[in-house]
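*Asks:* Each chain, letter by letter, is given below.
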Amino acid sequence: MRTLFWIAINGFREAVRDKVMYSLVAFAILLILASYVIAQLTAGQDVKILKDLGLSSIAVFGLFMAIFIGIGLVSKEVERRSIYALLAKPMRRSDLVLGKYFGLVLTLLVNVGIMTAALYAVLAYLGWHESESEKLALDAALLDPALLKAVALTLVQLMIVTATAIFFSTFSTPILSAALTFGVYVAGFFSTDLRNFDQVVESPVVRTMARALYHVLPNLSSFDVTAQVVHGVPVSWKYMAVTIAYGFTYIAILLIMSVTIFSRRDFK
Amino acid sequence: MALAIETIELTKDYAVGFWRKRPRRALDRLSLQVEAGEVFGFLGPNGAGKTTTLKLLLQLVFPTSGEARILGRPPGDLDAKRRLGYLPENPYFYDYLTAEELLTYFGGLLGLDALERRKRVSTLLDEVGIGSERRLQLRKFSKGMLQRVGIAQALLNEPDLVILDEPMSGLDPLGRRDVRKLILKLRDRGCTVFFSSHVLSDAESLCSRVAILAKGRLVASGRLSEILAFGIRGWELVVANISDEILTRYAPRISRAQPIGGGRFALELPADASPEQLLLDLTARGGQLVSLNPLRETLEDFFVEQVEQQR
Numbered sequence: 052m053r054t055l056f057w058i059a060i061n062g063f064r065e066a067v068r069d070k071v072m073y074s075l076v077a078f079a080i081l082l083i084l085a086s087y088v089i090a091q092l093t094a095g096q097d098v099k100i101l102k103d104l105g106l107s108s109i110a111v112f113g114l115f116m117a118i119f120i121g122i123g124l125v126s127k128e129v130e131r132r133s134i135y136a137l138l139a140k141p142m143r144r145s146d147l148v149l150g151k152y153f154g155l156v157l158t159l160l161v162n163v164g165i166m167t168a169a170l171y172a173v174l175a176y177l178g179w180h181e182s183e184s185e186k187l188a189l190d191a192a193l194l195d196p197a198l199l200k201a202v203a204l205t206l207v208q209l210m211i212v213t214a215t216a217i218f219f220s221t222f223s224t225p226i227l228s229a230a231l232t233f234g235v236y237v238a239g240f241f242s243t244d245l246r247n248f249d250q251v252v253e254s255p256v257v258r259t260m261a262r263a264l265y266h267v268l269p270n271l272s273s274f275d276v277t278a279q280v281v282h283g284v285p286v287s288w289k290y291m292a293v294t295i296a297y298g299f300t301y302i303a304i305l306l307i308m309s310v311t312i313f314s315r316r317d318f319k
Numbered sequence: 003m004a005l006a007i008e009t010i011e012l013t014k015d016y017a018v019g020f021w022r023k024r025p026r027r028a029l030d031r032l033s034l035q036v037e038a039g040e041v042f043g044f045l046g047p048n049g050a051g052k053t054t055t056l057k058l059l060l061q062l063v064f065p066t067s068g069e070a071r072i073l074g075r076p077p078g079d080l081d082a083k084r085r086l087g088y089l090p091e092n093p094y095f096y097d098y099l100t101a102e103e104l105l106t107y108f109g110g111l112l113g114l115d116a117l118e119r120r121k122r123v124s125t126l127l128d129e130v131g132i133g134s135e136r137r138l139q140l141r142k143f144s145k146g147m148l149q150r151v152g153i154a155q156a157l158l159n160e161p162d163l164v165i166l167d168e169p170m171s172g173l174d175p176l177g178r179r180d181v182r183k184l185i186l187k188l189r190d191r192g193c194t195v196f197f198s199s200h201v202l203s204d205a206e207s208l209c210s211r212v213a214i215l216a217k218g219r220l221v222a223s224g225r226l227s228e229i230l231a232f233g234i235r236g237w238e239l240v241v242a243n244i245s246d247e248i249l250t251r252y253a254p255r256i257s258r259a260q261p262i263g264g265g266r267f268a269l270e271l272p273a274d275a276s277p278e279q280l281l282l283d284l285t286a287r288g289g290q291l292v293s294l295n296p297l298r299e300t301l302e303d304f305f306v307e308q309v310e311q312q313r
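Note that the protein sequences, when read in sequence, are chains A and B. Reminder that position 130 of the first sequence reads as 181 in our numbering, one-by-one numbering, no gaps. Reminder that position 78 of the second sequence reads as 80 in our numbering, one-by-one numbering, no gaps.
Excised from the complex, chain B in its bound form (with noise of 0.2 Å):
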């Protein structure tokens, strides 16, 4: 399978300090492998390192020491640019500028001749919901808008490789839906997306493949059905018709008992614990099924233990 990034070894320290300078390891040796056409989820808290890998990638900062290769070719790489669309975090672009402008401006610089320009401008700024307000300054945009112009612009060659810093960011849920949809159609069309984010939920929905990075350092990446192994974390067992007198009986069972209404107990078991046995017992007593699920592990639980760890 093609790559459409790797790194190895990538590490980048900055300079901090104002009269002695000294540095600060922003990415350490971070090495790794995004495929063709996957949509892989760049994941760490903030200050993890993502968009320093991002820039990284496009050369808009060099590296301490390791190698970048983005679509085969070295970070900077004329023609790679050319198949790759980019959307910085919590974009900023020239406040005079309308969007319809804008756009009009990165198509000319992306050698598109003023037919496919006008047509591209025109199907993107429908694509990611601006209307009537194309003509308007970007000045009068609420950062939602922006972000969906950033996402518009990142499009506008139709790319064999995006690459998405936050692109969430500043979206209300509409906005976050489209864009997710967005997403999932690039991915039809084969582009790879490469996105980082903190907000797991997304990536738990959009991504094959995913990379948690926390304090410059992978400390995670594979498939989320590797990583996340059908892991159970416990049970969950709603049941009705039982009095306090059974619960007390059979709390040293139960990690938690939760009142929900309606005569209705949610009842959390630890994993180890035997749901068939405790549900025979209450069934006997009166206790009605209501329902019973595996608590499997989530992304997110998976993030915070792997994050804590490096802590």
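Bound-form chain A, shown alone (with noise of 0.2 Å):
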């Protein structure tokens, strides 16, 4: 636990002393704030556009995160030869890879929090010069806290996608690393399509393809609850926790396979 600490640690130092981060996070906030902008030109939806575009912009901007430096977690510390001196302290290749992959978890969560924050200000400023007669006709309240719930997902399918990333980075090159995460990523949110190919699809073989791959790919679209969140539509708790409950598996799942092969390669 020890080992996985310090790493996490020194990991989320590592993601905060790089200023491509901050940038995001500036870009992300800057969105936020044109999103305000854009809801002032659309009398009657500016409520419904500011949270949709919020919601977007924190998963948008997570995955890029997720991504660029989620590849570069394993493959940069190899790349860099620093796997040297770090492999020769007293630790197990396996709280690399994890610790690793907590230290940008703690990253996302801080850097989700952020721009959540800023979400819920901006929000709060909008409601400040509302009238009272405009907030009774929104689907939802104005600061919902059902906006957590939207964002707690999204960081879930953010760890997906860090954890996919480190998956690749362990046996890849960076670039084919993003790539391919970029793909999972992409195809995760058609899973729900690969079920159902077999209604359009006469070759068995193709149906076989399509329903493995539907296994295999992570359901990433049933994460993304920002149309009912927006709507006033519930999201229920037992929802939440099936969600996220499938989620953790995920991730275990990857994190294990990732471990699996970083355990075996050669540094050369």
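There is no bait here: all hints are sound.
Covered stretches of chain B, going by a simulated chain A footprint (3 or more residues, C-beta under 8 Å):
#1 51-62
#2 86-100
#3 108-122
No wet-lab data here; the hints were simulated from the structure. Being a predicted model, the structure only gives us computed values, none of them experimental. Positions of the beta carbon are idealized from the N, C-alpha and C atoms, including for glycine.
Relying on the hints, combine the two individually framed chains into one complex.
*Replies:* Structure, rendered in structure tokens:
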């Protein structure tokens, strides 16, 4: 545990000192602010647009962080040879993979937290200017706590993407890992379509492949509840629990595979 | 005597080629024993397999066959790792950290408590000559300074065994002297030092025993005194007041004659020559003896000879 703690904290420190991350956060905040300007131009829909754009930008910028920092977590250590001195310390290779993973999760948590706070701040500012009648016409409360449910699921989704990025980077180059992770992310949103593939395709081979892919790829669309939250449709705690449990199981499998591959690698 | 390092028929093949992978032997059945408390030099030209051996000992790579034991345990064992320090070749550390932060991080991984960590970090940075720069990010460090930080991190846990891969690399003469002193200090406190190098003068001045590796094979190992065996490869006679005519006359008995100024000549004689007789002859003809020294075989001569044989 002590080893995991030190590696995770160092990973977090690396990300914090990485100027790319600052620009991502700044950009996300700017986008939320821009959405406020757009909302001003769209009478009656401003709160929905603001919530929608805010939540989407948290997901998109979180995604960039998860992929671009995630692919470098392990591969940068190997490429720059800093791994030699590190692995000579009393630790297992699994500690390195898991510590790096938790370091990035901590980074994502802090950044998503900052972006969420920024979104609530913009919403509060909007509420300050809106009349009581305008507030009553809304589908959901302005500072709706349900937004946090959408953010929590986005965070778990980003944790899956991070685990995917680490998994690919344990055996492939950073560029290929980024491409593969992005591919999994996109395909993950269409995994439900793969389940229904047998209704549109005749070939049994393609059907079997589609079904296999459906089981292998993460079902990322189930983590996206932005539309429900924005329109005030309730997201049940049961749905939250099941989805999060599914996410954590998927992450555990990816991390076990990453550790297995990484533990057998030669560092030439 | 307890063994700090032992390898038995240790072999490593790397797969080379893009499409059709074929094995390339980097290390071939290396059997080696390093006793606890000694300074052991692991020598060989570039590409001989030195770094591969060290990586096998630290389980950074896995052997194709054979086995290794480090502090009596298999490579990768956590208890063994707690008692060893390692300096990689041309070390690279996180450039976003300062020297102090890096050592604090590694100290944490080694399980040192906060107070001990602070004390050790500060003492070691002083010891390797990193002063006010300790609060600079490592990206601003020169190669030599990084090497010093690398040495400091290898000693954080007061190890029983230190493995140094080319410790003098990138250091200026002062830095090399400091590292030599440090190695001797480690030896005096009973620490085993196993270091690879292709700088033979370092090995000659520091090691009790050496092993020479060429093309992945062990070509010689043992005590320096045994390896070099007081072998004399000739004599150097320095004389003054001798004419060119005398030199020409005795040329068949001299392998090389070199004027060294002030009317003096340095004469090199083969090992089987009798310097006493030549000296008598020369002094009888007015020559004056300045000095007479045996030319002993150096580690460099031995090394070149052994490596050449492997070509």
